[in-house]
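Student: Spelled out, the chains give:
Protein chains: 2
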Amino acid sequence: MHQHTTNPLTAAAAHGPIALTRAVCDIESVSGNERELADAVEDLLTQATHLTVTRIGNNVIARTNLGRDRRVVIAGHLDTVPVASNLPSEQRTIDGRECIWGRGTVDMKAGVAVHLALALELDNPHHDITWCFYDNEEVDAHLNGLGVVHRTQPELLTGDFAILGEPSNAIIEGGCNGTLRAVITTKGIAAHSARSWMGDNAIHAAADILVRLSAYEPATITVDGLDYREGLNATGITGGIAGNVIPDLCEVMVNYRYAPSRSLDEAEAHVRSVFHGYEVRIVDKAPAARPGLDAPMAADFAKAVRCATGQQPAPKYGWTDVARFAELGIPAVNFGPGNPSLAHHDNEHCPTSDITAVYNSLKAWLSAPNS
Amino acid sequence: MHQHTTNPLTAAAAHGPIALTRAVCDIESVSGNERELADAVEDLLTQATHLTVTRIGNNVIARTNLGRDRRVVIAGHLDTVPVASNLPSEQRTIDGRECIWGRGTVDMKAGVAVHLALALELDNPHHDITWCFYDNEEVDAHLNGLGVVHRTQPELLTGDFAILGEPSNAIIEGGCNGTLRAVITTKGIAAHSARSWMGDNAIHAAADILVRLSAYEPATITVDGLDYREGLNATGITGGIAGNVIPDLCEVMVNYRYAPSRSLDEAEAHVRSVFHGYEVRIVDKAPAARPGLDAPMAADFAKAVRCATGQQPAPKYGWTDVARFAELGIPAVNFGPGNPSLAHHDNEHCPTSDITAVYNSLKAWLSAPNS
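Heads up: the protein sequence lines correspond to chains A and B, in order. Residue numbering for the first sequence follows the UniProt record's numbering, beginning at 1 and increasing consecutively. Residue numbering for the second sequence follows the UniProt record's numbering, beginning at 1 and increasing consecutively.
Simulated from the structure, these hints should not be mistaken for laboratory data. Here a beta-carbon is modelled for each residue, glycine too, at the ideal position from N, C-alpha and C. Just so you know, not all the hints are guaranteed correct.
Covered stretches of chain B, as calculated for chain A (at least 3 residues, CB under 8 Å) [as the list claims (entries may be wrong)]:
#1 63-74
#2 263-272
Some chain A residues near chain B, calculated using beta-carbon distances under 7 Å [what the hints assert, rightly or not]:
#3 T185
#4 A234
#5 Y317
Below are the SDA-like pairs computed for lysine to any residue, each with C-alpha atoms no more than 20 Å apart in a straight line [claimed, not checked]:
#6 B:K363 to B:N169
#7 A:K187 to B:N244
#8 A:K187 to B:R212
#9 A:K187 to B:T238
#10 A:K285 to B:S214
#11 B:K187 to A:L87
#12 A:K285 to B:N169
#13 A:K187 to B:A215
#14 B:K187 to A:V211
#15 B:K285 to A:R195
#16 A:K285 to B:T49
#17 B:K187 to A:S214
#18 A:K187 to B:K187
#19 B:K285 to A:V245
#20 B:K285 to A:S214
#21 B:K363 to B:T49
#22 A:K285 to B:K285
#23 B:K285 to A:N244
#24 B:K285 to A:H192
#25 B:K187 to A:N244
#26 B:K187 to A:A215
#27 B:K285 to B:A141
#28 A:K285 to B:H192
#29 B:K187 to B:W197
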């Protein structure tokens, strides 16, 4: 790829991470359509002689190789959920704060822009760095670019610590809750509703399932000093064949978000015990990740962020790719600009002060000698 | 219509109601496609000089006009639910009984065949008779042929008593339960399921609705000497947007089948009181019909059936067009061959003994001087 004479990222990079955020957002890259942005990212990074750039599909990995004692992996995904008339990006003042508005500003192109700016700038970092830009994070897990890189060239992802640029309001969010989805089923006997006593109503039989959910008190579990709030919720219910038929089947979809103190197996056992006596089918599960803030590099990074922003680490509730790093045995945290509650919203927008704070924090930590 | 040289009903009529049942069944007449059968019926009946035949759309009304003191309306619908590889009809022995098998044998072409046979045969009945063959009973109520005739030429439906040939195992089934459908709604606040405490789960809020349904004890109410069993059931439930979203809406469809002691308004008030505190939207309702067995002609007819078959009247649970006659102030009962539980089944079949019993009972009552 030698297109940098027309690469919009090259021009924007000269003006810093906020300008780069807009340029990255304005190359639409809904999951499955990341090629143009990956081309521009690859082109931009190959301009930096201190980086070794590898392209795998629409994943771009750029590494320093300075022989440092430690290596940090800094990763962000290039894709977004579908555009909702919120591109091109705009500079807007929202609730009194200067923001970049548009699809991807929060999830997570502002983070990608900060990473790109620092990848070019930090030619002599304190740790070796693996910058990882990947595709298909917003779609089926088996398509996830980080997984593709891990399966094809796992050595590209080795490191001592990982930072994922997912939106976290510019504070360190440690680990992530796990997530498990299960279908709880009741069965009955179909009959015409005019003679309902001939049947057995599967929807009525689901009353007790909803009662258990309604009465369930989710735990808050402290892991490595962070408080993880759990949740167990019905996210769907369906039953019934026709308006005059006693239903013989009712299915309740539940989603259990569980703290990193539990393994996948423990989470599954918990759901089965809550719905003891019912048919429970696990349909989807992903492990939690411990915050890993007891790892030396993580503690050091947390200290640098505290110095730069005054903010303490907090728990991450949503599931993110930090769990993939945890599975590889690499401590990982989330640290990125933007409010995660605005991810996927039509009104997605990111304060420019978050972009600056993340940029400054990462730069300070990666430039300074390890304390 | 002068097609009787090729009318399959004409040939079958010479061999009685069982042969006619097969001929009527073998002219496919799924709702909306009744024209061919209506043509054949009209053609057959115009051969009888004692009948005045009126055609309205695919409805055929044939009346005697003998100046009798009283008039009985005898009605049956020509349409069926869709065919399920169960035509042409077959003569089969099922559970040791000789049957006619195939779509419509129960609901309700055996009844129609009995009516046709008697319409031709009874040229000097004890009461004047209005034979009514109508379309679109199995589909939306506004298409129902009996309603069409009532709206266009209501004088054609006047009478002192009505018999509907809906399947009733060849016993008199009096009146019918009413039916009312309502949607009970819960609302909540949507949120990402990773931060479920930001939302309010509408499916969990439906627990109490299902508990009320599950705990509900349906009444059995005696009306004019017949015991009507009621029922209140969920026939559908739906809620949920996506596997990671706390649902903000859950809807439970309920169907209340209520005894003829209650008016529509009373039925609605009852449902609203059961679900007090929830949003209740009535989506569909049809009144019950009292059995009307205290009417002199009904009592007389019941006596004739008891003499012919030894059977007493029973309540009708399903909703039928007897409710339309009840609304017109005409006492009406269901009396037809076949087990209503087999209506709409792929394995629909009608014992020939039922066809003979209904034929004999009606013939005896309509021929004999009123006792």
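Student: Are the hints correct? Go through all of them and say.
Tutor: The hints, checked one at a time:
Check on the stretch 63-74 of chain B: 0 of its residues sit with their Cβ under 8 Å from a Cβ of chain A, so the three-residue criterion for coverage is violated. Counting residues of the stretch 263-272 of chain B whose CB lies closer than 8 Å to any CB of chain A gives 0, which falls below the minimum of 3, so the coverage claim is violated. Contact between T185 (chain A) and chain B, as hinted, is not supported at the beta carbon level, the nearest pair being about 13 Å apart and thus beyond 7 Å. Contact between A234 (chain A) and chain B, as hinted, is supported at the beta carbon level, the nearest pair being about 4 Å apart and thus within 7 Å.
Interface restraint check: Y317 (chain A) against chain B, minimum CB-CB distance 5 Å, threshold 7 Å, status holds. Between K363 (chain B) and N169 (chain B) the alpha-carbon distance is near 17 Å, which keeps this suggested pair within the 20 Å criterion. With a C-alpha separation of about 25 Å, the suggested pair K187 (chain A) and N244 (chain B) falls outside the 20 Å cut-off, and the hint is violated. Of the supplied pair hints, the one linking K187 (chain A) and R212 (chain B) holds, its CA atoms being roughly 19 Å apart against a limit of 20 Å.
At most 20 Å may separate the alpha-carbon atoms for a hinted pair to count; K187 (chain A) and T238 (chain B) meet this at roughly 16 Å. For a cut-off of 20 Å, the pair hint linking K285 (chain A) to S214 (chain B) is broken: about 32 Å separates their Cα positions. For the proposed pair K187 (chain B) and L87 (chain A), the alpha carbon gap of about 33 Å is over 20 Å, so the pair is violated. Among the hinted pairs, K285 (chain A) with N169 (chain B) is inconsistent with the structure: their alpha-carbon atoms are about 54 Å apart, more than 20 Å.
Restraint check for K187 (chain A) and A215 (chain B): the C-alpha separation of about 18 Å stays at or below 20 Å, so the hint holds. As the CA atoms of K187 (chain B) and V211 (chain A) are separated by approximately 17 Å, the hinted pair is consistent with the 20 Å bound. Our distance criterion of 20 Å between C-alpha atoms is met by K285 (chain B) and R195 (chain A), whose separation comes to about 17 Å. With a C-alpha separation of about 77 Å, the suggested pairing of K285 (chain A) with T49 (chain B) is violated against the 20 Å cut-off.
For the suggested pair K187 (chain B) and S214 (chain A), the alpha carbons sit about 14 Å apart, so the restraint of at most 20 Å is met. Of the supplied pair hints, the one linking K187 (chain A) and K187 (chain B) is violated, its CA atoms being roughly 26 Å apart against a limit of 20 Å. Distance restraint check for K285 (chain B) and V245 (chain A): the Cα-Cα separation of roughly 16 Å lies within the 20 Å cut-off, and the hinted pair is therefore satisfied. For a cut-off of 20 Å, the pair hint linking K285 (chain B) to S214 (chain A) is broken: about 32 Å separates their Cα positions.
Pair hint K363 (chain B) plus T49 (chain B) holds up; C-alpha atoms about 19 Å apart against a cutoff of 20 Å. Straight-line distance between C-alpha atoms of K285 (chain A) and K285 (chain B) comes to about 44 Å, which puts the hinted pair past the 20 Å bound. Taking the CA atoms of K285 (chain B) and N244 (chain A), the gap is near 12 Å; set against the 20 Å cutoff, the hint holds. Restraint check for K285 (chain B) and H192 (chain A): the C-alpha separation of about 17 Å stays at or below 20 Å, so the hint holds.
Using a Cα cut-off of 20 Å, the hinted pair K187 (chain B) and N244 (chain A) is violated, with the two alpha carbons roughly 25 Å apart. The hinted pair formed by K187 (chain B) and A215 (chain A) meets the criterion: a straight-line CA distance of about 18 Å does not exceed 20 Å. The hinted pair formed by K285 (chain B) and A141 (chain B) meets the criterion: a straight-line CA distance of about 11 Å does not exceed 20 Å. At roughly 17 Å between alpha-carbon atoms, K285 (chain A) and H192 (chain B) fall within 20 Å of each other, so this suggested pair holds.
Note on K187 (chain B) and W197 (chain B): the hinted pairing holds, with a Cα-Cα distance of about 16 Å set against a maximum of 20 Å.
Of the numbered hints stated above, those contradicted by the structure are hints 1, 2, 3, 7, 10, 11, 12, 16, 18, 20, 22 and 25, listed in ascending order.
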